[in-house]
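Model the placement of chain B with the ligands on the given structure of chain A, informed by the hints.
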Amino acid sequence: MKTIAKTGNEAMAYAMKQINPDVVAAYPITPATEIVQIFSNYVADGEVDTEFVAVESEHSALSACVGASLAGGRVMTSTASQGLALMHEILYIAAGNRLPIVIALVNRSLSAPINIHCDHSDTMGSREAGWMQLYCANSQEAYDSLIIALKVAEQTAVPAIVSTDAFIISHAMERLEVLEDEEVQRFIGEYKPRFSALDLENPKTFGPLDLQDYFFEHKRAQIDDFSKVLGTYNKVAQEYAELSGRYYPALEEYKTDDADVAIFTAGSTADTAKEVVDGLREQGRKMGLVRMRMWRPLPVEEIKAALGKFKAVAVMDRSDTMADFGGPVFLETRGILYDAKKKPLLTDYVYGLGGRNIDISDILRVYDEIEQVVKQGKIDKLITYLGVRGEE
Amino acid sequence: MSMKFDRPMNWKELPAGCLIDEAATSLRFKTGDWRSMRPIWDAEKCIHCLFCWITCPDTAITVQDGKMTGIDYDYCKGCGICAVICPPKASAIDMVREEK
Ligand code: SF4
Ligand code: SF4
Numbered sequence: 004m005k006t007i008a009k010t011g012n013e014a015m016a017y018a019m020k021q022i023n024p025d026v027v028a029a030y031p032i033t034p035a036t037e038i039v040q041i042f043s044n045y046v047a048d049g050e051v052d053t054e055f056v057a058v059e060s061e062h063s064a065l066s067a068c069v070g071a072s073l074a075g076g077r078v079m080t081s082t083a084s085q086g087l088a089l090m091h092e093i094l095y096i097a098a099g100n101r102l103p104i105v106i107a108l109v110n111r112s113l114s115a116p117i118n119i120h121c122d123h124s125d126t127m128g129s130r131e132a133g134w135m136q137l138y139c140a141n142s143q144e145a146y147d148s149l150i151i152a153l154k155v156a157e158q159t160a161v162p163a164i165v166s167t168d169a170f171i172i173s174h175a176m177e178r179l180e181v182l183e184d185e186e187v188q189r190f191i192g193e194y195k196p197r198f199s200a201l202d203l204e205n206p207k208t209f210g211p212l213d214l215q216d217y218f219f220e221h222k223r224a225q226i227d228d229f230s231k232v233l234g235t236y237n238k239v240a241q242e243y244a245e246l247s248g249r250y251y252p253a254l255e256e257y258k259t260d261d262a263d264v265a266i267f268t269a270g271s272t273a274d275t276a277k278e279v280v281d282g283l284r285e286q287g288r289k290m291g292l293v294r295m296r297m298w299r300p301l302p303v304e305e306i307k308a309a310l311g312k313f314k315a316v317a318v319m320d321r322s323d324t325m326a327d328f329g330g331p332v333f334l335e336t337r338g339i340l341y342d343a344k345k346k347p348l349l350t351d352y353v354y355g356l357g358g359r360n361i362d363i364s365d366i367l368r369v370y371d372e373i374e375q376v377v378k379q380g381k382i383d384k385l386i387t388y389l390g391v392r393g394e395e
Numbered sequence: 005m006s007m008k009f010d011r012p013m014n015w016k017e018l019p020a021g022c023l024i025d026e027a028a029t030s031l032r033f034k035t036g037d038w039r040s041m042r043p044i045w046d047a048e049k050c051i052h053c054l055f056c057w058i059t060c061p062d063t064a065i066t067v068q069d070g071k072m073t074g075i076d077y078d079y080c081k082g083c084g085i086c087a088v089i090c091p092p093k094a095s096a097i098d099m100v101r102e103e104k
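Protein sequence lines correspond, in order, to chains A and B. Using this note's numbering, the first residue of the first sequence is number 4, and each one after it goes up by one. Using this note's numbering, the first residue of the second sequence is number 5, and each one after it goes up by one.
No wet-lab data here; the hints were simulated from the structure. Model, not experiment: these values are computed from the prediction.
Dumping the calculated DMTMM-like pairs for lysine to aspartate or glutamate here, alpha-carbon to alpha-carbon at most 25 angstroms:
(1) K222/A / D25/B
(2) K384/A / D362/A
(3) K195/A / E242/A
(4) K195/A / E17/B
(5) K16/B / D227/A
(6) K231/A / E92/A
(7) K34/B / E220/A
(8) K34/B / D216/A
(9) K207/A / D25/B
(10) K16/B / E220/A
(11) K207/A / D78/B
(12) K238/A / E193/A
(13) K207/A / D10/B
(14) K222/A / E26/B
(15) K195/A / E26/B
(16) K71/B / D46/B
(17) K34/B / D78/B
(18) K207/A / E17/B
(19) K81/B / D213/A
(20) K207/A / E26/B
(21) K307/A / D342/A
(22) K16/B / E131/A
(23) K5/A / E177/A
(24) K346/A / D260/A
(25) K195/A / D25/B
(26) K81/B / D46/B
(27) K231/A / E17/B
(28) K81/B / D216/A
(29) K20/A / D52/A
(30) K16/B / D213/A
(31) K16/B / D216/A
(32) K346/A / D371/A
(33) K207/A / D62/B
(34) K231/A / D25/B
(35) K34/B / D213/A
(36) K16/B / D228/A
(37) K222/A / D10/B
(38) K222/A / E17/B
Next up, chain A with everything else stripped away, as it sits in the complex (with noise of 0.2 angstroms):
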């Protein structure tokens, strides 16, 4: 274990230079571009084995992947924002065929108007697709989470998507250990594909024409792999934690205990919550943190175990679903609550959209709000957007 200074993509790159992929095929965009920039440095100087894929689009990056996938690779790419919208087509290929491909992502907006800071709609967007999201708070998390990330996948057959927050995380710089390359490649171990379209001996047919009489059958077949994710996830993240002392789990509590509100969000807004948090308990005030870390698949019983303690709770979104009803996480949330035995008021609060910035200041006011919401027992206004002008 060592320590060094890096921001979330350099940790990103290295986080794949331990796992040392097969085939790397990707194409540039802000701001994951350094991703691959790196990536392909370590290409360059021969301290990788990966066949690396320059292509002429994102398209075509998640194409040459699943191809690799296919042929029994251990497969990676990175993209952020309408990299990731253009790779959306072939995001249901993968995950239909069972592809354990990783991509390291970093969240941004998605244009009209055209933008390169963090919000989260462009993962937010391919929620439906098949795909473990994972949404990391630093630099130190993402790094962490794409070695988690693979093994899971590779374990489950279901690709994932790790993603860091445009420019707070991915330009940042951090503190942050790194395991050895051996310790990495003895925890991810070596990937043994189910099938390898390079397996002569055995021929197999993939991506055939599938109508009414099957389609259906090999839906349920996949979204019940989706649903063995969770549990493997947990099992391969307390691996982890034994080798690194880092432990991730897919929903974090942070001073949840005795609290009466909470403020549920993810990436790197939840680290500054918890200074807020911290603040808050200096003065008495019973807050707390919940951090959405996996969104897919969704940890129904643990948001449900993890929310239903509190008086009210603000969701802080940051996407809006175009549903005049919040943003996805509120959405979701919801739903997840609707047959708790105990829940909470739940209000949404949708923010830092295009990399609006949000500070100590906006989420104080959260928590000021929510308190409120206990005081009077009813929510006044459901759905806020923070921090934009015209707003209340």
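Relative to the frame of chain A, chain B with the ligands by itself:
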């Protein structure tokens, strides 16, 4: 694992992913069953130019020793291309409606 095709499989029996555990399985699926028009070949009129053989999109024209020998109705979809391409002087293929 070899896949069974004698009855429809349920979702728990399928191999992971939408792969088929063997190659060239399309040979076992007769795709001619949705034909509504049937090409009828007249061996007497045929001049064995093989235009039909080269244009048939389903490789349903059977040929032996450079001579046309007939139409494989297991795969012929009844598109009528063979009848159109057959030289007018020969006119060896007629399209007729399929009987119910
Ligand atoms: S009708 Fe069409 S499919 Fe059938 S033999 Fe003629 S060209 Fe081939
Ligand atoms: S196109 Fe007509 S004449 Fe030529 S081989 Fe076919 S059936 Fe015979």
